[in-house]
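*Asks:* Given next are the chains, with one letter for each unit.
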Amino acid sequence: MPKLVVKNLRKLFGTFEAVKDVGFQVEEKETLCLLGPSGCGKTTTLRIIAGLEVPTSGQVFVDGVLVNDVPPQKRQIGLVFQDYAIFPHLSVFENIAYGLRVRKMPEAQLRTKVHDTASLIGVDNILDVPGRKLGLSEMQRVAIGRSIVLDPKLLLLDEPLSNIDAKARERMRAELGKLQKEIGIATVYVTHDQLEAMTLADRIAVMRNGLIEQIGTTSEIYDNPRTLFVGNFIGSPSMNLIDCELVYSEERAILKSGDFALDVTEFAETLRAKSKGRELVLGVRPEDVSVHVRKTDEEAMECEVQLVEPIGARSIYHLKIGRLAVLAKGYAMPEVDVGSKLWTTFNKHKLHVFDKKTEEAIV
Amino acid sequence: MVGVRLANISKKAGKRQILKNVTLEVTDKELFAIAGPPGAGKTTLLKIIAGLIAPDEGQVYIGDQMVNTVPPGDRDVGMVFEVPPIYPNRTGFQNIAFPLEIKKMNNDQVKERVEEVGELLQITHLLERKPATYSGGELQRVALARVLVRKPRVLLLDEPLKNLDAKIRETTRVELKRLQREFGITMIFSTHDEVEATAVGDRIGVINEGVVEQIGGPQELYSSPRSVFVARFIGSPTMNLTECALKQMGEKWVLDASDFNVDMTRRAHQIESEAMSQELLLGLRPEDIVLVDSPANSRCFEAQVELTQNFGDERVVTISVGKVSLNCLTGKERVFTYGQKVYVKLKEEKAYVFHRGTGIAVARSTN
Chain G
5 MPKLVVKNLR KLFGTFEAVK DVGFQVEEKE TLCLLGPSGC GKTTTLRIIA
55 GLEVPTSGQV FVDGVLVNDV PPQKRQIGLV FQDYAIFPHL SVFENIAYGL
105 RVRKMPEAQL RTKVHDTASL IGVDNILDVP GRKLGLSEMQ RVAIGRSIVL
155 DPKLLLLDEP LSNIDAKARE RMRAELGKLQ KEIGIATVYV THDQLEAMTL
205 ADRIAVMRNG LIEQIGTTSE IYDNPRTLFV GNFIGSPSMN LIDCELVYSE
255 ERAILKSGDF ALDVTEFAET LRAKSKGREL VLGVRPEDVS VHVRKTDEEA
305 MECEVQLVEP IGARSIYHLK IGRLAVLAKG YAMPEVDVGS KLWTTFNKHK
355 LHVFDKKTEE AIV
Chain B
0 MVGVRLANIS KKAGKRQILK NVTLEVTDKE LFAIAGPPGA GKTTLLKIIA
50 GLIAPDEGQV YIGDQMVNTV PPGDRDVGMV FEVPPIYPNR TGFQNIAFPL
100 EIKKMNNDQV KERVEEVGEL LQITHLLERK PATYSGGELQ RVALARVLVR
150 KPRVLLLDEP LKNLDAKIRE TTRVELKRLQ REFGITMIFS THDEVEATAV
200 GDRIGVINEG VVEQIGGPQE LYSSPRSVFV ARFIGSPTMN LTECALKQMG
250 EKWVLDASDF NVDMTRRAHQ IESEAMSQEL LLGLRPEDIV LVDSPANSRC
300 FEAQVELTQN FGDERVVTIS VGKVSLNCLT GKERVFTYGQ KVYVKLKEEK
350 AYVFHRGTGI AVARSTN
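Chains as they are written, first to last, in the working numbering: chain G, 5 to 367; chain B, 0 to 366.
In short, the hints are calculated from the structure, not lab data.
Remember, predicted model here, so these are calculated numbers, not experimental data.
Glycine included, each C-beta is placed from N, C-alpha and C at the ideal position.
Keep in mind that a hint or two might mislead.
Think about it this way: if two alpha-carbon atoms lie no more than 27 Å apart in a straight line, the pair counts; the simulated DSS-like pairs of lysine-lysine are [what the hints assert, rightly or not]:
hint	chain 1	residue 1	chain 2	residue 2
1	G	182	B	322
2	G	354	B	322
3	B	331	G	352
4	B	176	G	324
5	G	361	B	251
6	B	28	B	176
7	B	150	B	103
Far from chain B by the CB rule (all over 12 Å, computed), these chain G residues [said to hold, decoys possible]:
hint	residue
8	17
9	69
10	184
11	197
12	203
13	227
14	238
15	305
16	348
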């Protein structure tokens, strides 16, 4: 049985429809990430699940039980906030024990419970340390510990890594990933950071304007985006999107955009069946655009480097193919600089084609 | 020539040493990044250049002039703050025109300047609107316009990308680089994000606890970090660092990390003789650790998969070898599962070695 079922959720704030028709399930031990730009309805959805907002319509089931009318504290849901909300004056032990004390658990039982939780989350050696002396990563652990000590059926995390600097975030992300595996509780995770979603989630629900645009495993979302928005939102740097049309010349099918032309005869059948001469958008991820110093391929296109962004072992190349701007990501080539003339090819097996009007994927 | 030169700058706040003997030179029309973790002294350094804080020791030069005693308003330096002080009750135009009005410039000239800057920054649609209607990125651009309208010789930006959404940050970062090229201005910006620093900066000064650890181009900092701090700070995922000792095994010199070792025979000359007696740190970049299904040669060793993180185009796999955890970067074609047994092949020629105590690099990777 799924740990969480959300059905036809809708939420109006005045006349503004923050959540339009959202539905999904979270299975046992699964982490589902609600991902989208600010204002997409992800946090409102989370707050409705937690019971902090009342939905205008729709149902929330936790472990098979309808909880619409159950108050937040009785829903058996653990909620971890952005700022962790650790009591600074209480020790780690008392922070974790807090919820149990509120529930008036007998002392002996409480001690066992807190110690078990502390060892699971790896804070059993700092139980006496006061909250104000904790480092970030310890605070994260204690905040999660304080939730899971109550044996929740479901854990909700609201942008837990958003206030942390880049370097620490990388470490905390990995720690959170390991912790999730060890705890094994069904989790809903809210973030606007696609990398966080990709690295921490089993499945991602990409949201826009109060609706889920696509829900799927991280690989599905990345490799087969169903809409232009999803293709563009996932991945860093963003997918190249090129407005173009399908034309035929000498029995070859060609995607054409000004001077730019790409032979897509291999996919002509699918394109023809689904597109019928409509305006199209070609999508290609920067890592699927390769650059070479020499012309190695018959179809290689000449291009000029406009800008280089070195990022460790890789570089992002801002290219101009004629008048078309394209991003490529690949190994750093020290000899390449602004103004260099290079040759570029697109990986044909990784192309995406969207319908410009409906924004839906065709290929 | 309008470079910026800092000579032996030190600054204390109470008992805390915020900057210690900072010396650096930014050349004319250079885009220079000051990168370091929060609290490293980045903002203080920018404020000293702007003249908003006086250093306890050292000199600040702008162009050929020593400006220690020149008030901020006369330095021809523009500074954009992390949280830009924009007047909420004025329109974009009024906000941008403000510094010119203080200078009592006539109305026609003000209009011309504001519109010129507005077009360059592509914010003409914001000029009649008030700040409450701007997005984070738009607010940043209006703040930037207000500084650029004065035509400063040097532009300072304090964490210009910090408060933006991840996706917007990516495009703004490119915009910043384009702008600097178009304006042909000397620009210094601070950031805590190493990706931003290397992607945008021509050169980067890495600063830690008030001390400049290393100055160099993006590639140089990545492939030849001079200290453990720089090695750890630059590069994502972070370089793996593990304790090791240099030992002689028969004919070979190896770096022994208890559960595995790295053959250093061909590079033994790089490690000074005194390193023998010292405690060392072995550094391995995630892309230099290759995972294979079967032991390809005798140098391969066994490991267990602890965690995998999908980055979309690639995957970061955390493996454990005895007590050591290592992050490896792999292609996305291969799928790894929790607890799976794998074999590890190291690109041994790419290993870095640091002194454990001082953190100074003793041997650098050979490329």
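*Asks:* Taking C-beta pairs only, is residue 203 of chain G more than 12 Å away from all of chain B?
*Replies:* Residue 203 of chain G is in fact no farther than 12 Å from some Cβ atom of chain B, at 4 Å.
*Asks:* May I ask you to check that residue 17 of chain G keeps its beta-carbon over 12 Å from the closest beta-carbon of chain B?
*Replies:* 19 Å, holds
*Asks:* Taken at face value, is the distance from the CA of residue 352 of chain G to the CA of residue 331 of chain B at most 27 Å?
*Replies:* With Cα atoms ~17 Å apart, residue 331 of chain B and residue 352 of chain G stay inside 27 Å; holds.
*Asks:* Below or equal to 27 Å on CA atoms is what counts here, so check residue 361 of chain G against residue 251 of chain B.
*Replies:* Violated, because 66 Å separates the two Cα atoms, which is more than 27 Å.
*Asks:* Is it the case that residue 69 of chain G keeps its Cβ farther than 12 Å from each residue Cβ in chain B?
*Replies:* Its Cβ never comes within 12 Å of chain B, the nearest being 30 Å, so this holds.
*Asks:* Just checking, residue 348 of chain G versus chain B, shortest CB gap more than 12 Å?
*Replies:* About 17 Å separates residue 348 of chain G from the closest Cβ of chain B, which puts it past 12 Å; holds.
*Asks:* Should the label of residue 197 of chain G as a non-interface residue stand, given a Cβ cut-off of 12 Å to chain B?
*Replies:* 5 Å, violated
*Asks:* Holds or violated: are the alpha carbons of residue 182 of chain G and residue 322 of chain B at most 27 Å from each other?
*Replies:* Holds: residue 182 of chain G and residue 322 of chain B sit about 16 Å apart, inside 27 Å.
*Asks:* Classify the label on residue 227 of chain G as holds or violated, using whether its beta-carbon is more than 12 Å from each beta-carbon of chain B.
*Replies:* 9 Å, violated
*Asks:* Would you assess whether residue 184 of chain G, listed as outside the interface, keeps its beta-carbon beyond 12 Å of every beta-carbon in chain B?
*Replies:* 9 Å, violated
*Asks:* Checking one constraint from the list: CA of residue 28 of chain B to CA of residue 176 of chain B, max 27 Å. Satisfied?
*Replies:* 12 Å, holds
*Asks:* The output says residue 238 of chain G does not contact chain B. Does that hold with a beta carbon cutoff of 12 Å?
*Replies:* 7 Å, violated
Checked against the numbered hints given earlier, this structure breaks hints 2, 5, 10, 11, 12, 13, 14; the rest are met.
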